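Sequence lines, in order, name chains U and D. Taking the working numbering, the leading residue of the first sequence gets 1, the next gets one more, and so forth. Taking the working numbering, the leading residue of the second sequence gets 1, the next gets one more, and so forth.
I should point out that these hints are in silico values taken from the structure, not numbers from a laboratory. Hints may be right or wrong, so weigh each one.
For identical chains, the list gives no copy identity; a pair is met inside one copy or between any two copies.
[Unchecked claim] Listed below are the simulated SDA-like cross-link pairs for lysine to any residue, each with C-alpha atoms no more than 25 Å apart in a straight line:
hint	residue 1	residue 2
1	Lys59	Ala324
2	Lys59	Lys259
3	Lys473	Val149
4	Lys259	Gly114
5	Lys259	Arg192
6	Lys329	Ser263
7	Lys59	Glu254
8	Lys259	Ala83
9	Lys94	Gly253
10	Lys59	Asp244
11	Lys167	Ala54
12	Lys327	Ala54
13	Lys177	Gly343
14	Lys402	Gln389
None of the values given here were measured: they were computed from a predicted structure.
Residues per chain, in single letters:
Protein chains: 2
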Amino acid sequence: MRQIFILAAAISITACSASTDSSIPTPTAPVESTESQSVKQDLSSQQAQRLIKAALKGKQGYDITESLTTEVGQRMAGTEAEARARVWAVAKFKEIGLENVRVEPFTIPGWERGVETASIVSPFPQDLVITSLGYSVATPAGGIEAEVVYFPELAALQATTQDLTGKIVFISGLMEKAPDGAGYGPAGMKRRIGASEAAKHGAVAVLIRSVGTSSHRFAHTGGMRYAPGAPKIPIAAMSGPDADQMERVFQRGETVTVKMTLSPINTGDRPSGNVIGEIVGSESPEEIVVIGGHLDSWDLGTGAIDDGAGIGISAGAAKVIIDAGMKPKRTIRVIAYGAEEIGLLGGFAYRDQHEASLGNHVMATESDFGAGAPYEVHYNSAAGRADMQRLADLLEIPLIEKDTSGGPDIGPIKAMGVPAMRLQQDGTDYFDLHHTPDDTFDKIDPDEMAKNTAGFAAMAWITANSTSNYRDK
Amino acid sequence: MRQIFILAAAISITACSASTDSSIPTPTAPVESTESQSVKQDLSSQQAQRLIKAALKGKQGYDITESLTTEVGQRMAGTEAEARARVWAVAKFKEIGLENVRVEPFTIPGWERGVETASIVSPFPQDLVITSLGYSVATPAGGIEAEVVYFPELAALQATTQDLTGKIVFISGLMEKAPDGAGYGPAGMKRRIGASEAAKHGAVAVLIRSVGTSSHRFAHTGGMRYAPGAPKIPIAAMSGPDADQMERVFQRGETVTVKMTLSPINTGDRPSGNVIGEIVGSESPEEIVVIGGHLDSWDLGTGAIDDGAGIGISAGAAKVIIDAGMKPKRTIRVIAYGAEEIGLLGGFAYRDQHEASLGNHVMATESDFGAGAPYEVHYNSAAGRADMQRLADLLEIPLIEKDTSGGPDIGPIKAMGVPAMRLQQDGTDYFDLHHTPDDTFDKIDPDEMAKNTAGFAAMAWITANSTSNYRDK
Chain U
1 MRQIFILAAA
11 ISITACSAST
21 DSSIPTPTAP
31 VESTESQSVK
41 QDLSSQQAQR
51 LIKAALKGKQ
61 GYDITESLTT
71 EVGQRMAGTE
81 AEARARVWAV
91 AKFKEIGLEN
101 VRVEPFTIPG
111 WERGVETASI
121 VSPFPQDLVI
131 TSLGYSVATP
141 AGGIEAEVVY
151 FPELAALQAT
161 TQDLTGKIVF
171 ISGLMEKAPD
181 GAGYGPAGMK
191 RRIGASEAAK
201 HGAVAVLIRS
211 VGTSSHRFAH
221 TGGMRYAPGA
231 PKIPIAAMSG
241 PDADQMERVF
251 QRGETVTVKM
261 TLSPINTGDR
271 PSGNVIGEIV
281 GSESPEEIVV
291 IGGHLDSWDL
301 GTGAIDDGAG
311 IGISAGAAKV
321 IIDAGMKPKR
331 TIRVIAYGAE
341 EIGLLGGFAY
351 RDQHEASLGN
361 HVMATESDFG
371 AGAPYEVHYN
381 SAAGRADMQR
391 LADLLEIPLI
401 EKDTSGGPDI
411 GPIKAMGVPA
421 MRLQQDGTDY
431 FDLHHTPDDT
441 FDKIDPDEMA
451 KNTAGFAAMA
461 WITANSTSNY
471 RDK
Chain D
1 MRQIFILAAA
11 ISITACSAST
21 DSSIPTPTAP
31 VESTESQSVK
41 QDLSSQQAQR
51 LIKAALKGKQ
61 GYDITESLTT
71 EVGQRMAGTE
81 AEARARVWAV
91 AKFKEIGLEN
101 VRVEPFTIPG
111 WERGVETASI
121 VSPFPQDLVI
131 TSLGYSVATP
141 AGGIEAEVVY
151 FPELAALQAT
161 TQDLTGKIVF
171 ISGLMEKAPD
181 GAGYGPAGMK
191 RRIGASEAAK
201 HGAVAVLIRS
211 VGTSSHRFAH
221 TGGMRYAPGA
231 PKIPIAAMSG
241 PDADQMERVF
251 QRGETVTVKM
261 TLSPINTGDR
271 PSGNVIGEIV
281 GSESPEEIVV
291 IGGHLDSWDL
301 GTGAIDDGAG
311 IGISAGAAKV
321 IIDAGMKPKR
331 TIRVIAYGAE
341 EIGLLGGFAY
351 RDQHEASLGN
361 HVMATESDFG
371 AGAPYEVHYN
381 SAAGRADMQR
391 LADLLEIPLI
401 EKDTSGGPDI
411 GPIKAMGVPA
421 MRLQQDGTDY
431 FDLHHTPDDT
441 FDKIDPDEMA
451 KNTAGFAAMA
461 WITANSTSNY
471 RDK
């Protein structure tokens with residue numbers, strides 16, 4: 001099922017025989033091809049191969065992620081830690097040789113975690129491991145103690161006719177593991193809308209089974225939103241083992257009382273910002289290829305897979321190109337987005353601040369799915385498909401005709417017509433760690449990081465040296 | 001390396017052909033053997049096989065562990081939770097049909113966890129995941145903020161001539177994984193004596209890398225002791241990923257300042273107790289075979305592998321025998337020891353309370369190494385070795401001539417001459433979970449539990465029907 005990404009051996013052979021009349025298999029001929037373009041493509045492919053080889057031999061992306069997670073740690077949007085991360089990013093971008101390094105500031109609604117405790121009061125007193133969901137309101141200072149009503153999944157709550165006045169609602173439901181994280185959307189609904197769904201029925205608080213795939217005792221945080229008009233009630237996630245425990249208690253037919261206390265606060269307007277650096281194009285500097293990751297993280301871990309990896313992969317790819325002394329025709333822009341976790345706010349800010357030049361953005365992608373090796377190229381346009389096929393061939397992974405946002409922070413500019421592609425990473429284990437205290441640097445494999453960095457370097461190089469604007473007519 | 005314990009298939013064959021002149025391979029003939037004894041041994045072996053088969057088909061041990069961890073949860077020695085565990089054990093022992101069920105109380109010095117926080121203040125501000133070690137003193141109420149001095153392992157601290165006045169000492173050092181947990185003794189030394197070793201040099205507090213083998217972000221607690229005369233300074237363990245992070249910071253040559261706050265308290269005399277139940281012997285009821293586990297747990301998890309599993313395995317083995325309608329000649333005594341974690345206090349109390357009858361204790365063992373399947377029988381005496389060989393043959397695992405305490409709570413009576421053996425469990429992953437919040441029921445595999453329960457049932461049956469007293473002359 002899972003594609004294996006084995007480049008090193010293939011490259012060590014093809015790199016030796018590389019020349020302008022290279023024996024690299026010709027990809028499916030693009031409609032716009034001419035003989036001269038084919039020669040250019042071959043050259044671009046050979047250069048991309050050099051970059052891939054350099055990335056696979058190096059630790060460019062890995063070292064940058066190590067630096068960010070060690071020297072900053074968690075960097076919750078809007079906090080002084082995220083501000084320190086911007087200082088770090090500016091310095092790191094300059095250090096690796098990016099040009100035009102700057103912060104593009106914007107303002108966000110701040111939210112910070114406080115106390116978060118819960119325990120079963122009866123029938124079997126014991127503590128539960130929970131964490132507030134992002135933007136949840138607090139409980140009263142003394143906590144809420146109430147009978148719990150169990151729903152095996154969100155749909156059961158949505159279908160209920162029960163009066164839940166004064167009750168704490170517990171919504172369970174497992175998330176399936178998949179390389180592409182397909183289970184996240186469905187499982188995440190209870191996190192996003194569970195509070196308002198329960199509040200409609202009079203509930204005073206909600207506990208959900210964490211949206212995640214591991215059996216370790218970590219609660220997974222994540223953003224939530226209140227529906228307009230619905231009473232705002234506090235909501236927290238409990239760890240998988242605690243959710244299992246609650247279910248075992250309910251299976252005994254017991255009436256369950258829980259006490260929970262949450263004290264997060266909405267802190268009002270707070271500063272955030274996108275950090276940007278560029279490799280300025282030699283021929284068409286106004287034409288822009290965007291690569292990036294998000295700089296902020298949730299506050300529980302150190303934001304290694306989410307998304308220190310993405311910062312490392314994109315900045316590391318730029319470093320590979322710079323270190324090779326190679327200059328692309330178009331500008332490669334590396335963006336470290338702020339405030340992604342609390343609503344893609346960096347992505348929206350970028351769209352607003354660059355609206356006038358979005359027509360010159362020829363391609364955009366983001367790494368925000370951990371550090372697992374890419375196993376598919378996702379792209380869904382006829383325009384420039386030959387480039388994507390060449391990229392896929394170089395990476396020895398398939399090109400899949402599949403629509404992609406290009407990544408969470410690319411979504412807003414994709415919606416404005418900017419072409420997007422994605423190197424689909426193997427995220428089978430991503431949701432074991434995602435949004436937990438366990439998202440730490442030790443979980444990242446340097447070889448997998450190198451494959452990602454290689455993929456981003458090759459993608460940036462090919463698209464920044466193409467004549468395609470990747471826009472279907 | 002690791003022995004595979006596959007019984008079910010073998011049993012389904014041998015059970016069909018079982019008879020008094022069974023073709024079971026004859027073990028090495030014991031010196032005391034006579035023809036009549038051989039016949040008896042064959043009968044005992046066949047009966048033990050029936051028990052093994054019943055255990056492998058059932059969930060006797062698994063269900064008991066599920067009940068304890070769900071209905072009581074954590075049960076820290078000396079707390080009301082441990083008291084609830086005794087109530088649970090009395091009820092459970094009666095429910096499964098044990099006789100003479102009682103609590104044998106004793107008093108312990110209580111200790112309870114409080115606040116436990118730590119963070120790097122400089123150069124890279126961020127929180128650390130830590131936990132107090134058992135019997136650590138508290139920091140001052142406002143915490144301790146001090147420069148940290150790094151020692152890669154305990155030996156480096158022990159060898160140092162540095163003045164550590166006013167410093168926080170950080171002792172790292174990895175623990176090796178092994179099926180028999182061989183890495184625990186060496187790695188655990190820093191936990192047991194680290195505080196006093198650091199205090200000798202003037203340190204004000206100690207942080208150790210957790211004594212454990214996982215890379216998940218859990219701190220592992222565990223008991224410590226102060227050396228007589230050394231100043232008592234607070235000590236906590238940090239999670240593996242946090243220790244890695246600290247080491248990365250030190251690798252940068254930085255001066256590191258940490259603030260840590262611990263507020264555990266010594267609560268004075270507290271009640272504990274051993275819960276005991278028996279299958280009274282039909283011929284020699286005064287002769288006793290002891291099996292058991294410990295009822296208390298650390299407070300962070302729900303004490304599933306440590307040692308809810310041992311309670312399930314030993315009480316489950318008794319249930320297998322009772323449910324089969326079989327009555328042993330000697331008495332099988334199931335003991336759920338209290339207060340093991342804080343110094344084997346239940347084991348010592350049992351020794352003191354039963355000193356007069358220890359001469360009648362023919363064999364003792366305890367399950368306190370998780371729920372992994374047994375892969376070796378450990379026994380080190382000539383007397384009764386044939387029984388141990390028969391047991392090993394029935395379980396299809398090797399008999400290893402190896403000295404064993406019989407388990408932590410057996411140690412005190414072993415030292416008084418009570419024979420001990422052990423079914424060595426596969427503990428390769430035991431120290432991933434041991435003494436962490438992650439020690440929860442979902443980590444237990446029902447098939448492995450069944451193999452343990454089968455092993456304990458067979459061991460208890462064979463020894464309780466033998467004529468050997470297992471004592472070398």
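A quick look at each hint next to the structure:
1. Lys59 - Ala324: within (14 Å within a copy, 63 Å between copies)
2. Lys59 - Lys259: The answer is neither: 48 Å in one copy and 33 Å across copies each exceed 25 Å.
3. Lys473 - Val149: neither (55 Å within a copy, 65 Å between copies)
4. Lys259 - Gly114: both (16 Å within a copy, 19 Å between copies)
5. Lys259 - Arg192: Answer is within; shortest intra-copy Cα gap is 22 Å, inter-copy 36 Å.
6. Lys329 - Ser263: neither (52 Å within a copy, 62 Å between copies)
7. Lys59 - Glu254: Cα proximity of Lys59 and Glu254: across copies only (23 Å, versus 54 Å in one copy).
8. Lys259 - Ala83: Between copies, since 22 Å is at most 25 Å while 36 Å is not.
9. Lys94 - Gly253: between (62 Å within a copy, 22 Å between copies)
10. Lys59 - Asp244: Between copies only: 18 Å across, 40 Å inside.
11. Lys167 - Ala54: neither (59 Å within a copy, 44 Å between copies)
12. Lys327 - Ala54: Classified as within: same-chain Cα gap 16 Å, cross-chain 73 Å, threshold 25 Å.
13. Lys177 - Gly343: Within one copy, since 24 Å is at most 25 Å while 42 Å is not.
14. Lys402 - Gln389: within (13 Å within a copy, 63 Å between copies)
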